[in-house]
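Asker: For reference, the chains in residue letters:
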Amino acid sequence: MPLPDVIPFIGLGWSDVLFLILSGVVLAAAFAVVFGRDIIKSGLFLILTLGALAGIYVMLGAAIVAGAQVLVYIGAISVLILFAIMLTQSKLAPVKLAFQTQVTPAALAAVLLAVLFGLAFGSTEWGSTVFTDTPAATGTAPVAAALFGPYLLAFEIASVLLLAAVIGGLYLAMEPKGDDVGEELP
Amino acid sequence: MSQIAGHLEPYLVLSGMLFAIGSFGFLARRNAISMLMSIELMLNAVNLAALAFGAFIPSLAGQGAAFALLIIAVAAAEATVGLAIVIAIFRNRKTPLVDEYDTMRQ
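Chains as they are written, first to last, in our numbering: chain A, 1 to 186; chain B, 1 to 106.
Just so you know, the hints here were simulated from the structure itself, not pulled from any lab data.
A quick note: this is a predicted structure, and the numbers were derived from the prediction, not measured.
Each residue gets a CB set at the ideal place from its N, CA and C atoms; glycine is no exception.
Take these hints with a grain of salt, some might be off.
[What the hints assert, rightly or not] Non-contacting residues of chain B with respect to chain A, defined by C-beta distances greater than 10 angstroms in every case (computed):
id: 1; residue: Asp-99
id: 2; residue: Tyr-101
id: 3; residue: Met-104
id: 4; residue: Arg-105
[To be verified] Computed, partial: chain A to chain B, Cβ under 7 angstroms:
id: 5; residue: Gly-13
id: 6; residue: Val-33
id: 7; residue: Ala-107
id: 8; residue: Phe-131
id: 9; residue: Asp-133
id: 10; residue: Ala-158
id: 11; residue: Ala-165
Construct the entire structure; sequences and hints are all you get.
Answerer: And the structure:
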């Protein structure tokens, strides 16, 4: 029996339900990242956020970006963050007070930012296409045409930037020599 | 027939909310690594907006994904250097809390 186009009693299509589930996961996990007391759990919820965002990228027809998201963010950056957490959480670092004293102004600023975004998005005429379903996957040809055409210089600069970041990160995280200035006694 | 997933605005609203959550985390958390995680959330919100524009506005087809890929590369570089700096400071100060990095204020 084929599935109906519209879910009965709700009136939403299947892609709507998928979008709502994924965006709910994204927002809930992002809240858990920001508000969580345990920083290891924050890191794990960050992985969940990035994974659900990769699903939304697939819904937008950008499978190549979703793949890069899984490879780079979930595979590399999350592991880097988890390693940094394990390297820097000592018993001397209290985990109780997670927030700064400026938490109330920060919350106000964030809410104001969200309201501003909502107003801007709602009041602007974007001239966008309306699809009957999610946007169709366009493949990688337009991406490659943009990346290796008008954005070729940015692409090359990004590769140089990555090299510089690797060398800089290696240098910064290197164990300093014993006679280095600035080393504190244990 | 789709009422939500086929329109541009829901993706933009989700992106805006994610950016706001990330900015709150960046402003409010004490731990330097939590702040870096919040930056990743904000960068992902920007990625989502770029991809939504690329998918829904015909003259931007392909450019949104190109932007998103470049942003991912820059975010990887930022995370590498940022976490290395946090580890380097932690080696000296023995704390990851940013409000205790106040040597230059004393």
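Asker: For each hint, tell me whether it holds in the structure or not.
Answerer: Results for each hint:
Not every C-beta of chain A lies more than 10 angstroms from that of B:Asp-99, the closest at about 6 angstroms, which undercuts listing it as non-interface. In this structure B:Tyr-101 is separated from chain A by more than 10 angstroms, as the shortest Cβ-Cβ distance comes to about 12 angstroms. No beta-carbon of chain A is positioned within 10 angstroms of the beta-carbon of B:Met-104; the least distance is around 13 angstroms. Listed as outside the interface, B:Arg-105 is consistent with that label: its C-beta sits roughly 15 angstroms from the nearest C-beta of chain A, beyond the 10 angstroms cut-off.
A cut of 7 angstroms between beta carbons decides the hint on A:Gly-13: the least distance to chain B is about 4 angstroms, and the hint holds. Contact between A:Val-33 and chain B, as hinted, is supported at the beta carbon level, the nearest pair being about 6 angstroms apart and thus within 7 angstroms. With 7 angstroms as the threshold, the beta carbon of A:Ala-107 comes within range of chain B, its nearest partner Cβ sitting at about 6 angstroms, so the hint holds. For A:Phe-131, the shortest C-beta to C-beta distance to chain B is roughly 4 angstroms, which falls under 7 angstroms, so the interface hint holds.
Given the 7 angstroms rule on beta carbons, the hint for A:Asp-133 holds: about 5 angstroms separates it from the nearest Cβ of chain B. Checking A:Ala-158 against chain B: minimum C-beta separation of about 4 angstroms stays under 7 angstroms; hint holds. The interface hint given for A:Ala-165 is met, as the beta carbon of that residue sits about 3 angstroms from the closest beta carbon of chain B, less than 7 angstroms.
In this structure, the one hint that does not hold is number 1.
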